[in-house]
Amino acid sequence: KAGVTQTPRYLIKTRGQQVTLSCSPISGHRSVSWYQQTPGQGLQFLFEYFSETQRNKGNFPGRFSGRQFSNSRSEMNVSTLELGDSALYLCASSGGASGNVQFFGPGTRLTVL
Amino acid sequence: GNSVTQMEGPVTLSEEAFLTINCTYTATGYPSLFWYVQYPGEGLQLLLKATKADDKGSNKGFEATYRKETTSFHLEKGSVQVSDSAVYFCALSDIQGGSEKLVFGKGTKLTVNP
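If you read the sequences in order, they're chains S and Z. No gaps in the numbering here: position 67 of the first sequence is 67 in the working numbering, and each next residue is one more. Every number in the working numbering is 113 more than the matching position in the second sequence, counting from 1.
Since the hints were made in silico from the structure, they are not lab data.
Some chain S residues near chain Z, calculated using beta-carbon distances under 7 Å:
| # | residue |
| --- | --- |
| 1 | 42 |
| 2 | 43 |
| 3 | 45 |
| 4 | 48 |
| 5 | 55 |
| 6 | 56 |
| 7 | 90 |
| 8 | 100 |
| 9 | 104 |
| 10 | 105 |
| 11 | 106 |
| 12 | 107 |
From a predicted model like this one, the values you see are computed outputs, not experimental measurements. Every residue gets a Cβ at the ideal spot worked out from N, C-alpha and C, and that includes glycine.
Just chain S, with the same shape it has in the complex (with noise of 0.2 Å):
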């Protein structure tokens, strides 16, 4: 079965521009998360979706959002990019037979210049 997928692997930016990440999740899980991943504050919960609807939201500012397909995979957007927003972004995928684990992608690196 194949793992989380997540598309580009890399990405430069500029301050001011907008950004989307892609996501697709394990065959069969329904539920989509998205973690920040950062020297300073580490990992940090973003969202969560499940059947094209967010469940759970982290404590990001409104520039962060996202979405989901009715095929689970799942897509964030990060609008008037800042220089902190560098950052490793994970997507993890779960449900059917693994139940509450969440299986990760190999991130997204976004470099904001």
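Mind docking chain Z on chain S? Use the hints.
Chain Z only, in chain S's frame:
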């Protein structure tokens, strides 16, 4: 709120040494507990988990026991290898309204020298 505290690194060991990485948690109720490992340039991989008190999770020679009385989930391995060099994260599941998120510790970087 729920939180996880794990020992700060970095930790440097020689091959075949014994490893312990301490992890304690603060939580309401009885969350599931996890150890994840991150190799350079990669995402997180689940190492092991425990879902209730006194459960022992184990995988690839690593073990951790869910201790409710001490709110701990320490990671141990009897004989580390160079290939175990990575960053290790302790995490708990935080359930709110049917949604489950992971709350992570800061991570502990392990380096194993030959």
